[in-house]
Every structure is written in structure tokens, then in C-alpha cells.
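Protein sequence lines correspond, in order, to chains A and B.
In terms of my numbering, the first sequence opens at residue -19 and continues consecutively.
In terms of my numbering, the second sequence opens at residue 4 and continues consecutively.
It is worth saying that the hints were derived from the structure and are not from the lab.
Predicted, not measured: the structure shown is a model, and the values here were computed from it.
Hints are not guaranteed to be accurate.
[What the hints assert, rightly or not] Straight-line Cα separation of at most 30 Å, DSSO-like style, residue types lysine-lysine; simulated pairs:
id, chain 1, residue 1, chain 2, residue 2
1, B, K135, A, K117
2, A, K107, A, K52
3, A, K52, B, K123
4, A, K52, A, K117
5, A, K117, A, K107
6, B, K123, B, K135
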Amino acid sequence: MSTISLLEWIESTELSTAIREGALYYPIIGGVHLLGIALFGGMLLMTDLRLLGWAMQLRPVSDIVRQFRWWKRAGFVIVTGSGLLLGWCEPLKLYRSPAFWVKMALLAMVGVHALVFRARVYGDPAKLDTAVTNEAKLAASLSLFLWAGLIISGRLIAFDS
Amino acid sequence: MQAASFFEWLTTSSWANAMNGPEWAFPVVESLHFIGFAFSIGTIAIIDLRLLGLAMRDHTAAELAADLNRWTLAGFALMLITGPLMFSADAVRYHVNPSFQFKMICLLVAFLFHFTIHRKVTQAEISPFAAKLAGGLSLALWTAVIAGGRMIAFV
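Let the sequences and hints guide you as you build the complete structure.
Now the structure itself:
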């Protein structure tokens, strides 16, 4: 099966049609996507800014990383889950959108970031309580750039015609 | 000057021209708006989840508020610069958009709540029930602001 016919099949599914044609599904799912960014983006920002020494300096790094961990994971599930649904309703448009492919490349880099840094930085935060390593600061800076890039490329998708 | 002519003037201002110029202008400003509310609403949500007793239980709400306040305010600043810029791009239509009006009312109430009751509650010793009520209300208000904002494009 070619890619295009796979995308055409996705677009012909009941779920895809319902989200596309129902008046409320698309804005509600888009709202959940945004709400996930608003409610959990703050924790991601504060974790990375703590590693950089710019926010919450009075609290140990391990406290911040540990207490936000599960909330950030929940947020990631909500944002990617709602994002998948948004993509499911117009796969052909996304396939032709340069901004979408930039976003997917950034998302792949988020995966690489996790493979490289999760165990070494976020998995053992107690060792950062005495001094934040340069590696941890690099991880935090890259995370902030990837996150901002995901938001900007995501927003540009709507303006790719 | 009449309100209607104010919005007409705004739509033809140089701000609006810049927003309506290059096609990347609006989405980039909109992205900065999102980053702004991740800072502001995101840090408020951390405090709200603490008030609800769900997150950051190793710290008091007062400690968290002291840590996070500057980031909340920075987020507000970014939101309040980028929001009016987007509004100016099509002020004549936005100001009569029911979703926009709903969002502005919720935003006003959310700001008033944030700088009065919410601030008091995070600083004072209060009953767990009152803390939960304030945390829940704050989350609900900011959720309504986001939902109202999202719906502007669909109404």
C-alpha cells in the first residue's frame, strides 16, 4: 500500500470524519492539546530552568525533578494523545505541510534527548543536588529549545496551505 | 472617539499592518502567546495542584508562590504583549466575537481572583477545604480562558 492510500484510508475512517465534520470535536480536542501545554508546560519549564539555576534555586534539584516527573509524563500523554487525534482527522494535509515534518523531526529529537539524557541526568537527580553538571545544563537547554520549536512548528502547520 | 471607530483605527494601525504582513508573523506571535501562558498558567497550575494537595507536597503553597511568582508575572507580560498584537490584526471582527468576549470576561475574573483571593490563600494558614476550593476555582478559571481563546477561531 502506498503512503498516500494509507493516508486516504485514515481520512476515510469514521473517527477521522467525525473529528473533521463534527462542529465541536476539533476545537475541543485542540483545546485539550493547548490546555496540556498550559498546565504541564510550566513544570517542564521550571524543571529545566531549575537545572540551569534560574528558577526555584532554594529547592534541591532532586525535589523538583522527582515531584514533577509523573505530572510531566501525564501531560506528555495528554498532549501527544490529543495531537494524534488532531492529526488523524487531516493526514493528507499534514503530509504536504513542511511545518508538520519539522515538528516530527523535533519530536524524534525529543526521543533522542530522552535516550541520551534520561538515565544520566533526570534518572539520578540526587547527584545534582551538590552541583549541577554541565551535561545537565546542556540537557536542560536542549529541552527548552526543542519544546519551543515544537510549539512554533505546531502553530505554523495551521498556516501551511 | 466611538468604540467602533477605535477598533477600525486599531485594525489599520502599524501594529496591525505588521501582524497582517508576512505570513509567519501571526503564527510566531501566537506561539509566543502559548509560551507566555505556559509560564503564567503553568506556574499557577503548580500552585493550584499544591492547594488541592495533589502535587509538590514537600513544599508549602507559600514557598512555591514565592519561588514561582516572578515566572508567573513574566508569563503575564508576554501574554499581554502578544494578545493585543493578535487582537489588533482583526480588531473589528474579534471584538464582537462571542468567544473572544467570553474569554475577556473570564480573563478579568481570573486576574482579579489571582491577585486577591488566590494570593491571600497561598500566604495564609487556611483550612484544607478552603485551599482546595481556591485551587479548583483557579484551575477552572484559567481553563475557561484557554477554552474561550481556542474557540475564537471557530465561532
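We went through each hint and held it up to the structure:
1. B/K135 with A/K117: The hint is violated at about 35 Å.
2. A/K107 with A/K52: 21 Å, holds
3. A/K52 with B/K123: Holds, at roughly 28 Å.
4. A/K52 with A/K117: This hinted pair holds, its Cα atoms lying about 19 Å apart.
5. A/K117 with A/K107: At roughly 14 Å apart (the allowed maximum being 30 Å), A/K107 and A/K117 satisfy the hint.
6. B/K123 with B/K135: 14 Å, holds
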